[in-house]
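Using the sequences and the accompanying hints, generate a full structural model.
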Amino acid sequence: MHVQSATLILGVTALFYVALLLLNDLLFSVFDFAAGTNWVFLPSGVRLIAILLFDKWGALGIVLGSLMLAFHDPRLTDPVTVGVAACISGLAPLLARQICISLTDLKVDLKDLAALSLVRITMIFAAVSAGLHQSWYAWRGVPVNALSGVLVMFCGDMLGAMLVLYASKVALSLDARLRGG
Amino acid sequence: MTKTKVANFSQMYTKYLNLVQAVRSLPSFPSLDAVESRMLNTFAAAWHEEKNITVLEAMVMLPEISTTTAHRRLKMLRKKGMIDLNLDAHDNRVKYVVPTKATQQYFAQLGQCMEKAQLVA
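Protein chains in written order, with my numbering: chain C, 1 to 181; chain F, 1 to 121.
The hints are simulated quantities; they were obtained by calculation from the structure and are not laboratory data. No residue lacks a Cβ here, since even glycine has one placed at the ideal position from N, Cα and C. Mixed in with the good hints there might be a few duds.
Claimed, not checked - Looking from chain F toward chain C, a few residues come up when the C-beta cut is under 8 Å (computed):
1. 18
2. 22
3. 23
4. 26
5. 27
6. 110
Unchecked claim - Computed cross-link-like contacts, BS3-like style, restricted to lysine-lysine with a CA-CA straight-line distance of at most 25 Å:
7. C/107 <-> F/5
8. F/15 <-> F/5
9. F/79 <-> F/95
10. C/111 <-> F/15
11. F/3 <-> C/107
Structure follows, in structure tokens:
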């Protein structure tokens with residue numbers, strides 16, 4: 001891919017990720033479960049869309065966005081823990097995409113992607129992200145019960161992604177109405 | 001623009017269109033149960049013939065359900081934004097059951113599904 005296009009994708013993805021992260025803090029910080037673990041996590045929607053559309057460039061954008069706000073959670077201060085967690089934020093969805101392509105009907109060009117498949121893919125993304133993140137946190141001794149953390153993070157990623165998908169659905173139908181459709 | 005760039009942009013746009021299609025087909029709320037769906041289909045036949053349906057007529061249009069149930073379902077349909085009630089111009093006691101934009105979208109979606117099913121068959 002051309003450098004300019006890649007840079008644009010990286011930048012836009014990172015900005016959207018940061019924006020959703022800040023919005024999530026504003027709206028749902030009361031639903032925080034533990035350090036880096038939320039009952040509702042809107043940025044997971046950006047992860048899903050960015051990876052499906054932009055593959056590795058979307059993943060890099062997410063890593064960049066995560067690093068930009070790397071220390072926004074005061075409970076996570078160790079740079080190695082935070083840095084690797086940021087990398088997992090981008091790489092876990094990429095791995096999840098590969099799993100989906102291998103095990104589900106997801107095609108590389110998203111051809112014939114049905115709503116039910118999209119929900120199934122969202123679940124796989126949430127499971128892989130939660131599993132990898134919590135494994136890392138447990139390895140680094142972050143004080144959170146690993147099993148609870150996985151379940152909560154899975155819920156948070158699912159809810160967050162579904163909220164973003166439905167917000168996109170509403171935006172698309174409003175756009176269609178404004179265009180006189 | 002080189003051929004590779006064009007191919008890349010083309011692929012990205014294709015993915016975007018496919019994703020948008022999937023997002024658009026996510027189930028909308030509120031969903032209708034079988035009775036509500038049946039009522040709406042029955043009303044649709046009358047609306048298609050440009051007939052006005054009063055609430056009283058709507059309550060007896062489905063003989064297999066009681067008027068109490070029909071009334072309750074009419075209230076649910078109205079709550080879900082699938083019907084509206086318009087007062088008669090001359091008699092405020094008479095209310096007509098009319099479709100909403102949501103109803104029209106619902107039938108349009110059903111029509112699209114039927115078209116797709118025909119193509120697949």
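Tested hints:
{"no.": "1", "hint": "18", "verdict": "4 Å, holds"}
{"no.": "2", "hint": "22", "verdict": "4 Å, holds"}
{"no.": "3", "hint": "23", "verdict": "5 Å, holds"}
{"no.": "4", "hint": "26", "verdict": "5 Å, holds"}
{"no.": "5", "hint": "27", "verdict": "7 Å, holds"}
{"no.": "6", "hint": "110", "verdict": "16 Å, violated"}
{"no.": "7", "hint": "C/107 <-> F/5", "verdict": "21 Å, holds"}
{"no.": "8", "hint": "F/15 <-> F/5", "verdict": "15 Å, holds"}
{"no.": "9", "hint": "F/79 <-> F/95", "verdict": "16 Å, holds"}
{"no.": "10", "hint": "C/111 <-> F/15", "verdict": "7 Å, holds"}
{"no.": "11", "hint": "F/3 <-> C/107", "verdict": "23 Å, holds"}
In this structure, the one hint that does not hold is number 6.
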